[in-house]
Amino acid sequence: MNAPTKTESTRLTILKTGHALVQRKGFAALGLQEILAASGVPKGSFYHYFASKEAFGVALLQRYIEDYGQKLDSLLTEGTGRARLMRYFQGWLAEDATAGQPGWAEDCIVVKLAAEVSDLSEDMRHVLSDGTEALVARLADVIRDGRKDGSLPQGTKPKALAQTLYQMWLGAALLSRLTRSSAPLERALTATERLLDCGPHE
1 MNAPTKTEST RLTILKTGHA LVQRKGFAAL GLQEILAASG VPKGSFYHYF ASKEAFGVAL
61 LQRYIEDYGQ KLDSLLTEGT GRARLMRYFQ GWLAEDATAG QPGWAEDCIV VKLAAEVSDL
121 SEDMRHVLSD GTEALVARLA DVIRDGRKDG SLPQGTKPKA LAQTLYQMWL GAALLSRLTR
181 SSAPLERALT ATERLLDCGP HE
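If you use this note's numbering, the sequence shown corresponds to residues 1 to 202, in order.
Since the hints were made in silico from the structure, they are not lab data. Treat the hints loosely; a few may be bogus.
Straight-line distance between alpha carbons at most 30 angstroms, and here's what the computed BS3-like set of lysine-lysine pairs gives [as the list claims (entries may be wrong)]:
1) Lys53 <-> Lys148
2) Lys148 <-> Lys71
3) Lys71 <-> Lys159
4) Lys71 <-> Lys112
5) Lys16 <-> Lys43
6) Lys112 <-> Lys148
7) Lys43 <-> Lys53
8) Lys71 <-> Lys16
9) Lys25 <-> Lys43
10) Lys53 <-> Lys16
11) Lys71 <-> Lys25
12) Lys53 <-> Lys71
13) Lys25 <-> Lys53
Just so you know, these numbers come straight off a predicted model, no measurement behind them.
Take these sequences, add in the hints, and give me the full structure.
So, in structure tokens, the structure goes:
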């Protein structure tokens, strides 16, 4: 893989810095000067890469979704369908429990921004909406694989089950932030196992 050019590196620095700031403050409350100061770039450089703060927000979300997709590639390719799904959802709790790394729920920008950007920016809303739809589609594919390999019983339509699971985890991640507790995520994991094991008449 080629090393990023200086132009690409500067743009990436702005996006990484912006991501951390958005996680702390949200998007609307974040000022351009804060982004510039934290990333160490002048205003002219910012506008070289992004036509507006909204364009920056769109790029930030696109990068997050792209990175998330790469993470999915490593999680949803090995093992039975059930094992792959459980590995993915366990990652919401702890990405690496042995190293004490927090799970993805803590860094989920969808949880942080979904309600906020839906009223602020139609372009940002579309990026988030398309990203979540793509994720649900991937989860549905893994559910189908699990039914083919026998690790999951037949039952609810794969897409409907994938939507239910993802929506449940988004809600659990939101409650986890609100309560500053992992308990909602732990309950979601237990519920996920039950939902995956439910047959057509359960």
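Hints versus structure:
no., hint, verdict
1, Lys53 <-> Lys148, "violated, 46 angstroms"
2, Lys148 <-> Lys71, "holds, 24 angstroms"
3, Lys71 <-> Lys159, "holds, 21 angstroms"
4, Lys71 <-> Lys112, "holds, 19 angstroms"
5, Lys16 <-> Lys43, "holds, 17 angstroms"
6, Lys112 <-> Lys148, "violated, 36 angstroms"
7, Lys43 <-> Lys53, "holds, 11 angstroms"
8, Lys71 <-> Lys16, "holds, 17 angstroms"
9, Lys25 <-> Lys43, "holds, 20 angstroms"
10, Lys53 <-> Lys16, "holds, 15 angstroms"
11, Lys71 <-> Lys25, "holds, 25 angstroms"
12, Lys53 <-> Lys71, "holds, 27 angstroms"
13, Lys25 <-> Lys53, "holds, 15 angstroms"
Checked against the numbered hints above, the structure breaks hints 1, 6 and satisfies the rest.
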